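Place chain B on chain A using the hints.
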Amino acid sequence: METLMECRQLSKHYGNKIALDHINLTIERGRIIGLLGPNGSGKTTLIKLINGILTPTSGCLYINGQIPGVETKKAVSYLPERTYFNSWMKVTDILHFFSDFYVDFDSRRALEMLHRLNINESDRLRTMSKGTKEKVQLIMVMSRDADLYCLDEPIGGVDPAARDYILQTIITNYRENATVLISTHLISDIENVLDDAIFIQGGRIMLTGSVDDIRMREGKSVDALFREVFRC
Amino acid sequence: MAWVLDDSRPIYLQLANKIQSDIISGVYRPGDKLPSVRDLAMDAAVNPNTMQKALIELERSGLIYTQRTSGRFISEDAQKVTIMKENLAKEQIRLFLSNMQQLGFENQEILHFMEETLKEERRWKH
Numbered sequence: 001m002e003t004l005m006e007c008r009q010l011s012k013h014y015g016n017k018i019a020l021d022h023i024n025l026t027i028e029r030g031r032i033i034g035l036l037g038p039n040g041s042g043k044t045t046l047i048k049l050i051n052g053i054l055t056p057t058s059g060c061l062y063i064n065g066q067i068p069g070v071e072t073k074k075a076v077s078y079l080p081e082r083t084y085f086n087s088w089m090k091v092t093d094i095l096h097f098f099s100d101f102y103v104d105f106d107s108r109r110a111l112e113m114l115h116r117l118n119i120n121e122s123d124r125l126r127t128m129s130k131g132t133k134e135k136v137q138l139i140m141v142m143s144r145d146a147d148l149y150c151l152d153e154p155i156g157g158v159d160p161a162a163r164d165y166i167l168q169t170i171i172t173n174y175r176e177n178a179t180v181l182i183s184t185h186l187i188s189d190i191e192n193v194l195d196d197a198i199f200i201q202g203g204r205i206m207l208t209g210s211v212d213d214i215r216m217r218e219g220k221s222v223d224a225l226f227r228e229v230f231r232c
Numbered sequence: 233m234a235w236v237l238d239d240s241r242p243i244y245l246q247l248a249n250k251i252q253s254d255i256i257s258g259v260y261r262p263g264d265k266l267p268s269v270r271d272l273a274m275d276a277a278v279n280p281n282t283m284q285k286a287l288i289e290l291e292r293s294g295l296i297y298t299q300r301t302s303g304r305f306i307s308e309d310a311q312k313v314t315i316m317k318e319n320l321a322k323e324q325i326r327l328f329l330s331n332m333q334q335l336g337f338e339n340q341e342i343l344h345f346m347e348e349t350l351k352e353e354r355r356w357k358h
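Protein chains in written order, with the numbering used here: chain A, 1 to 232; chain B, 233 to 358.
Just chain B, same shape as in the assembly:
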């Protein structure tokens, strides 16, 4: 299954984002070995050079590291992953807030709606 990529942004950044979210959501655990560049490229149906570039980007951010002979691994620094996860959460909330504000809602109203929706969801689950 090829990865879903959009048309507007560079491909390598989208690949890096996808792997990053796989790390954050726990598809890969700290210390796990990543598949080879070639296998990842095959899986994503992209050019191996582009995948390589994505991995270099992730290395720069410290989420993965290279062990000279044995390949690439997910950082064992669990805190780094937690921080990234929180940053991503904040990003999503800011996006949500700005969308709601654009619809003309005050912060107090947004909070109220949020609570109501959560209550409803809880009711559905029971």
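Same shape as in the complex, but just chain A:
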């Protein structure tokens, strides 16, 4: 299988706090991957490094063989933990924003998904519920034809029905040459849509493997294993 992203001895320190500690990791194309770990384990730091928002303290990270920068941002679609849209923006503003910034943005796909959810294009973000805002943002991110989708906690703040919709969106938009990396600690909700799981704790990779291999080997779900490994 073709390598999409690679980390070699990747470390990130914040002052004297170590957020990522010599991580070696390879991500291939065509997978839906769960980046699973408790709070403060380094999930968001890793995702920010992938997106070039942070720079490594040491070691390196390559996407399609390149160091994160302008070129790799064309290939990576990023859903941050917090929204970066201004609340005065209308959905149409955001659509223009994305069309402007990303060549691979498919506004027809975005409109289709918005309509299916009865989201009005002329509505302002300010008037929307938290869940609707998250859906708008996810739709924008998934409407790009990217190689790698990085979703940082996409299901944290939404109700179970919206959660199902988000997972459905991820499955529907699945393509063989693209990979979706989803960071979360809500494993049981997403376990069935994952190919692979990466367990991360204290800035180190504890375990990587396919979900079904883990279930076969451990005789329990990835969620159950997670609760065991990360027991407080």
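Source of the hints: derived by calculation from the structure; they are not laboratory data. Please read these numbers as outputs of a predicted model, since none were measured by experiment. Fair warning: there could be bad hints in the mix.
Derived Cβ-Cβ restraints for the label pairs, each shown as a range [as the list claims (entries may be wrong)]:
hint, chain 1, residue 1, chain 2, residue 2, range
1, A, H115, B, K265, 26 to 32 Å
2, B, E318, A, R108, 48 to 54 Å
3, B, Q324, A, E28, 40 to 46 Å
4, B, Q284, A, H115, 52 to 58 Å
5, B, F337, A, E228, 35 to 41 Å
6, B, T301, A, T26, 30 to 36 Å
7, A, M216, B, M346, 42 to 48 Å
8, A, E228, B, I325, 34 to 40 Å
9, A, L186, B, V236, 18 to 24 Å
10, B, E323, A, I67, 36 to 42 Å
11, B, I325, A, D104, 54 to 60 Å
12, A, R82, B, A310, 56 to 62 Å
13, B, Q284, A, D21, 33 to 39 Å
Partial selection, computed: residues in chain A whose CB lies under 10 Å from chain B [what the hints assert, rightly or not]:
hint, residue
14, L25
15, I32
16, N192
17, R215
18, M216
For each residue, glycine too, the CB sits at the ideal point set by N, CA and C.
Below, chain B without anything else, positioned relative to chain A:
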């Protein structure tokens, strides 16, 4: 509606079992075309790669086959389905028997209970 999956076994095996029981119970008939991997995955709310793996498993058992360009079909071998159905029935009966034996019933008693229960059911239906 997502399919009901349990926590302990690999997901692809559970998907294969579900489709197998749909074939046996006649939801799919011999020669029917199966929905696409993507549609099945959507329906089950699982990863398309996992669904693919389940279908490959079913192909291996001969219950479904792939036609290069037009998709996947249920085996037209009705006998294969019958045999599988009978095997499944035997499996269920063995499970039932071992549960009853664990409760301390002799085979003769189990048979007797079975007949009594069937009689009662018949009475209810009339």
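For this session: Return holds or violated for the Cβ distance of B:Q324 and A:E28 against the range 40 to 46 Å.
Result: 41 Å, holds
For this session: Please verify that hint: A:N192, Cβ, nearest Cβ of chain B, below 10 Å or not.
Result: Interface hint status for A:N192: holds (5 Å vs cutoff 10 Å).
Exercise. When you take the CB atoms of B:E323 and A:I67, is the distance between them in 36 to 42 Å?
Worked result: Violated - the Cβ-Cβ distance for B:E323 and A:I67, about 56 Å, lies outside 36 to 42 Å.
Problem set entry | Restraint outcome when A:M216 is required to lie within 10 Å of chain B by C-beta distance | 5 Å, holds
For this session: Look at the Cβ atoms of B:E318 and A:R108 and judge whether their distance stays inside 48 to 54 Å.
Result: Holds - the Cβ-Cβ distance for B:E318 and A:R108, about 52 Å, lies within 48 to 54 Å.
For this session: Could you tell me whether the CB distance from B:I325 to A:D104 stays inside 54 to 60 Å?
Result: With Cβ atoms ~57 Å apart, the hint holds.
For this session: Could you see if the CB distance from A:R82 to B:A310 stays within 56 to 62 Å?
Result: This hint holds: roughly 58 Å between Cβ atoms.
Exercise. Lying within 30 to 36 Å: is that true of the beta-carbon distance B:T301 to A:T26?
Worked result: 34 Å, holds
Problem set entry | Evaluation of the interface hint that places A:L25 against chain B, nearest CB under 10 Å | 20 Å, violated
Exercise. Okay, A:H115 versus B:K265 on CB: inside 26 to 32 Å?
Worked result: 30 Å, holds
Exercise. Between B:Q284 and A:D21, does the C-beta distance stay in 33 to 39 Å?
Worked result: 36 Å, holds
For this session: Indicate whether the distance between the beta carbons of A:E228 and B:I325 respects the range 34 to 40 Å.
Result: 36 Å, holds
Violated hints for the displayed structure, listed by number in ascending order: 4, 7, 10, 14.
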